[in-house]
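S.K.: This is what each chain is made of:
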Amino acid sequence: MDDLGTFDRLSRVLTGAESLPADLVQGHLKRLRGDPDAGPQMGPLLESFAHGAASSGFDEERFRREIAPDPVLGPLVRRIVLLWLTGALPKVDWVAVLKPEQKLDYDATDPRPFFGGLMWPAIGAHPPGLSGGYFGYWRYPPES
Amino acid sequence: MRRRRQGRVDTRSELLSLLTEACELEHGLACTYLFAAFSLKDGAQDGLGWEDQQRARRWAAQLYFVASQEMLHLAQAWNLLAAIGGTPYYGRPNFPQGARYYPLDLPFELRPFSLETLDRFIKFEAPEEQANRLRCQIRHGAPVDDEEFDYSTVGELYSLIESGFENIPEETLFVGTRSAQIDAAFVHFPDILRVVDRDSARKAIAAIKAQGEGTRQDHIDCHFGIFRAIRDELAGTRLPAGGFARACAPNPVTRARPDQISAPSRTGGQAVTVITHPSSLELGMLFDDLYGLMLRMLAYVFARGDARARWLEEVCRVAIEMMVMCLKPLGEALAMLPLERPDSEARAGAPFALSRVVLLPSSPATAHQLIVERLGDLAAVADEAASRVGVRFPDVGPRLARIGPALRRYGRMLDAAACP
Amino acid sequence: MAAESLGSFDVVIVGAGVIGGLVTHELAKHGRRVLMLDAGAPLGLGRDGDITRMQLVGHFATEDNRGPGAPYRWLPIHGPESDANYTHAADSGDHFKSGYVLGAGGTTWHWLGSVPRMLPGDFAMRTRFGVGVDWPIGYQDLEPWYGRAEEALGVAGDHAGLDGLHGAQRTAPFPMTEIWPSYSDLVVERALAGRSFEGVALTVLRTPQARNSRPYDGRPACAGNSICVPICPIGAKYDGTVHVKKALALPQPARLETLATVTRVLVSESGVASGVELLLNDQKRTAEARAVVLAAHAIETPRLLLAGGLANASGQVGRNLMDHTNRFGSIIAREPMFPFRGPPSTSGIDAFRDGAFRRERAAFRLSLGNDGAGRNAPPEGVAMRLVKAGLLGPELLSSIRREIEPLFRVSSSTEVLPSAANGIRLRAGEMERGLPPFEISFTVDDYTRRGYLYAERAMGAIFEHVGSTKAPDFDPDQRNFSGAGHIMGTCRMGNSPSTSVVDASCRAHEHRNLFVAGTSLFPTGGTANPTLTAAALALRLAEHLKGLFDRAGSTGPI
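Protein sequence lines, in the order shown, are assigned to chains A, B and C. Residue numbering for the first sequence follows our numbering, starting at 1 and increasing by one per position. Residue numbering for the second sequence follows our numbering, starting at 145 and increasing by one per position. Residue numbering for the third sequence follows our numbering, starting at 565 and increasing by one per position.
Think of the hints as simulated: they come from the structure by calculation, not from any bench. Possibly wrong hints are sitting among the right ones.
[Stated by the list, open to error] With a straight-line Cα cutoff of 25 Å, these simulated DMTMM-like cross-link-like pairs (lysine to aspartate or glutamate) come out:
id : chain 1 : residue 1 : chain 2 : residue 2
1  : A       : K91       : C       : D628
2  : C       : K593      : B       : D376
3  : C       : K952      : A       : E66
4  : C       : K809      : B       : E195
5  : C       : K1110     : A       : D107
6  : C       : K848      : C       : E568
7  : C       : K952      : A       : E60
8  : C       : K809      : B       : D362
9  : C       : K593      : C       : D727
10 : C       : K1034     : C       : E1020
11 : B       : K347      : B       : D154
12 : C       : K952      : A       : D105
13 : A       : K30       : B       : E457
14 : B       : K267      : C       : D781
15 : A       : K30       : C       : D781
16 : A       : K103      : C       : E967
17 : B       : K347      : B       : D335
18 : B       : K347      : C       : E967
19 : A       : K103      : C       : E959
20 : A       : K91       : C       : E967
21 : C       : K809      : B       : D376
22 : B       : K347      : C       : E715
23 : C       : K952      : A       : D2
[Unchecked claim] Reference listing, derived: stretches of chain B covered by chain A, where coverage requires no fewer than 3 residues with Cβ under 8 Å from a Cβ of chain A:
id : region
24 : 202–214
25 : 379–391
26 : 463–472
No residue lacks a Cβ here, since even glycine has one placed at the ideal position from N, Cα and C.
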């Protein structure tokens, strides 16, 4: 499996999404590789994940449980997950408070990651700024 | 070939017949608009650039809006029918129907979003003075069939209907039960009007015409104007790879019914396309079953309007929610699923097939039992389909997951309402 | 060297926002030669070289701070966003928190679009309640213009529900039926059915909105893009570009110059205006006019007058600055509320907007929110917190959903009385775009504070009926408030030249052909979002100007 395929699978395991758009798999990998914080670690992460995921007995839930507290890989996968959820990378000194202004770093040249953010369908809503469907849909509970 | 005569409407029977024809038309148009809306990509998985995604979602929203107004027109036509002693009619012929089925000389088909499809929508909604120019119809003198009326636009059909309301004496015409008229407090259409006399009938018909073809001064904010604007925008936009819409098969069906011609994968003419992929087939059948149930429930509400029970309001609310919470995600899912083979681009699509018109029994207790039973059956089918299809097609899964639970919730809501 | 003239016009209108656009369109339609000048960029007008709406949306999507300025702060000229961009005077007890947009279309680019009318009581505060001042006109005078403004902007509302609200009769229905309530509105309505707070029924009403509930005026119906603040991607929400574009599309179009800051209104010794001086792309220019209308919103309009020492015998120019002070509370409800779907607010409670209590404490309007825990708590923060806690995979997604789904907020928007101590003053410093810098003094008094603290108790009662899993979240700092974006009062109307800047027909007392339009006219602020009232006054002014021109000769000041 090539890097894109590995990153796609890794992202699905980390985010819980059933499928991910190909253009964002490509775009996010590129962004991560170019990120001073995540960049150097992406290669080793993908390699070790490809190896582990190929082995029989690979369990996604166990993988998540084990990687989250890892002192090196934990912060890395959290950056990857936030990129998928919001379309932005947290700035290096990010603190999880309820006011993330100035804490999320978007690629100013590309709105697509924001509109592809996974947190919006996760809450039964739509990416802010994209139509949620049709006039009046907000009256009804979410379709999904 | 049926011939139709021009004329004025003088009798209740003629008026009932025309109103029923209007019901068929509004209903059928709504289905074609929904089908086109379902076919538009939503961009999440389809690799549309963010600006194309904005366009596609904006066009879909406008198509859904027009479809919802056609449903309003259908409901309004039901009020008009009920006012003069008629009953709500939810039947329509299955797709496709040839250009000669209605005197509009336009084929009735389910087709995905495209310039051609929009051109046809424009013609359906065209105001009278534009319609003739658009279609260049040459009207020959021909033998007339006494029974059927001639009209070349939907607006003209409503003008005929209006003439009936003008010509037939008011005192004898409005025999329907006033309290049976459905109003905005009952159904989620703030613009629906109760019809109790000639004046309210005029207003209702004028509103329908204005929403469809606009007024003499302005053809922009009506369906005609909306379709034209979308078409012009589409024509002026560079198409993304694979276009804005999925390649949904024309007139998809789960099986060819006796009045339909089947020909696998034909793209033109009056043939249906039979869905053969098992996942799409399973969901297609579910779609048609839910669609039929929803129609029966709505027709029941409009026929029984005088029983202002909380239960009846709940039936209405459930039917409308079914449309938005079940039929819409299902229709969109079907537009994403394969027609035959997953490796081909050809997609299925919502069949909107109607079998025979079967009314719910008039006794509320029996109707309640049948509805709740059917909801439960379809909930089980939905759950199974969601898990089976969702595993095979993960991008479709999220659209299907909540349908079963929603249907079960509707059963509980109806049970909780003061059941008669 | 004399500055080059842009030409001679019947009217020069300073400011191409909703108010400038409305007045321009009315006058140009009537055959008058009108020049519109705006300090900012040509935004969203659809011409070659204009900044497009989609460009602005793209900027919104890549900003980490998605407040009202998000789509606009990248522009070389854009206007202040919040108190961070103002200089406050040493005597300012609080900060003035509301900003505005420079550019064609103006501040309505990022308004929410709520358009309640002011109430009869709002126009007669001194007579009725012994506080504030009276307007020189009453609700009845403005009522027909409200109807015209609703038609011009395209307002969707519930006529029957609002007719007679606190005595505000409506003579014409809304052009469109109401924007549908949100899911959470309906939950709250059910919870509040039959409930009162201290004898006042907690009736939920649909908020009238300048947002299409059907295709209107060539613009689509609202499709629930849900980012009304700071921008509507599809134009279903009205913004000032609508009438600016209409004015430019007329057979005899108005003329618009952008990136054009008016630096002086030219006035003769006898006080008659002859035109304006401006900086157009940093070049000095003039434009001659028979009348000048200032529609540059309630900070820049008085700034211009103060810079020229005009219209200020009363000393009120720049004074009586008002906003609405906003506060909110939020809860985690016991059931899903499904926020972030649809316009951020579609319903409200108007019950506390009027009453005898206004002798003692400020009135307020409550809005039901559809945006989770409100603008100060973006949902990305929830996602970040859960990720930081180590959640991953399906558990992460379902936790995000579980946390956000039940969030719900109510906001209060409370009246501020006019005070001569609140306002803008010129100060020493470097010129900006040819205009002197200014400072703001703004101190909220106890009348307002009592009002918004009472509002908080009402909100508490609402939350109790709706039901929450823990105590509601209110701002513990009772002195704190956010700006509503409702800048008003700085060139107020009045009958007396010694206490007001313009008369009842919006004409400067001292300059017979100088007029002010917009929210700076308001002697009091009431509790309504001010745009509709300003639009009604603008249409009324336009009608008045048409008459003045018709009766005047063909040249010379009117």
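S.K.: Now tell me if each hint is right for this structure.
M.R.: Structure-based check of all given hints:
Taking the CA atoms of K91 (chain A) and D628 (chain C), the gap is about 11 Å. The hint holds against a cut of 25 Å. Between K593 (chain C) and D376 (chain B) the alpha-carbon distance is near 28 Å, which puts this suggested pair outside the 25 Å criterion. Among the hinted pairs, K952 (chain C) with E66 (chain A) is consistent with the structure: their alpha-carbon atoms are about 15 Å apart, no more than 25 Å. A threshold of 25 Å between alpha carbons decides the hint, and for K809 (chain C) with E195 (chain B) the separation of about 23 Å falls inside it, so the pair holds.
Distance check on the hinted pair: K1110 (chain C) and D107 (chain A) sit about 51 Å apart at the alpha-carbon level, beyond 25 Å; violated. For the given pair, K848 (chain C) sits about 7 Å from E568 (chain C) by alpha-carbon distance, which is consistent with the 25 Å threshold. Of the supplied pair hints, the one linking K952 (chain C) and E60 (chain A) holds, its CA atoms being roughly 19 Å apart against a limit of 25 Å. Restraint check for K809 (chain C) and D362 (chain B): satisfied, since their Cα atoms lie roughly 18 Å apart, inside the 25 Å limit.
Restraint check for K593 (chain C) and D727 (chain C): not satisfied, since their Cα atoms lie roughly 32 Å apart, outside the 25 Å limit. The straight-line distance between the Cα atoms of K1034 (chain C) and E1020 (chain C) is roughly 16 Å, inside the 25 Å bound, and the hint therefore holds. Between the alpha carbons of K347 (chain B) and D154 (chain B) the distance comes to roughly 20 Å, so the proposed pair stays at or under 25 Å and holds. A hinted pair counts as satisfied when its Cα atoms are at most 25 Å apart, and K952 (chain C) with D105 (chain A) qualifies at roughly 17 Å.
For a cut-off of 25 Å, the pair hint linking K30 (chain A) to E457 (chain B) is broken: about 54 Å separates their Cα positions. Annotation: proposed proximity of K267 (chain B) to D781 (chain C) holds, straight-line Cα distance about 22 Å (limit 25 Å). Between K30 (chain A) and D781 (chain C) the CA atoms are separated by roughly 44 Å; this puts the pair beyond 25 Å, and the hint is violated. Taking the CA atoms of K103 (chain A) and E967 (chain C), the gap is near 21 Å; set against the 25 Å cutoff, the hint holds.
Distance restraint check for K347 (chain B) and D335 (chain B): the Cα-Cα separation of roughly 11 Å lies within the 25 Å cut-off, and the hinted pair is therefore satisfied. With a C-alpha separation of about 48 Å, the suggested pairing of K347 (chain B) with E967 (chain C) is violated against the 25 Å cut-off. For the given pair, K103 (chain A) sits about 24 Å from E959 (chain C) by alpha-carbon distance, which is consistent with the 25 Å threshold. Among the hinted pairs, K91 (chain A) with E967 (chain C) is consistent with the structure: their alpha-carbon atoms are about 24 Å apart, no more than 25 Å.
Restraint check: the Cα-Cα separation between K809 (chain C) and D376 (chain B) comes to about 20 Å, which is no more than 25 Å; the hinted pair holds. Straight-line distance between C-alpha atoms of K347 (chain B) and E715 (chain C) comes to about 20 Å, which keeps the hinted pair within the 25 Å bound. Between K952 (chain C) and D2 (chain A), the direct Cα distance comes to roughly 29 Å. Violation of the 25 Å bound is thereby established for this hinted pair. A stretch counts as covered by a chain when three or more of its residues have a beta carbon under 8 Å from one of that chain; for the region 202–214 of chain B and chain A the count is 6, and the coverage holds.
Counting residues of the region 379–391 of chain B whose beta-carbon sits less than 8 Å from any beta-carbon of chain A gives 0, not enough to reach three: the coverage restraint is violated. Coverage of a stretch by a chain is defined here by at least three residues with a beta carbon nearer than 8 Å to that chain's beta carbons; for the region 463–472 of chain B and chain A the count is 4, and the condition holds.
In summary, the numbered hints that this structure violates are 2, 5, 9, 13, 15, 18, 23, 25.
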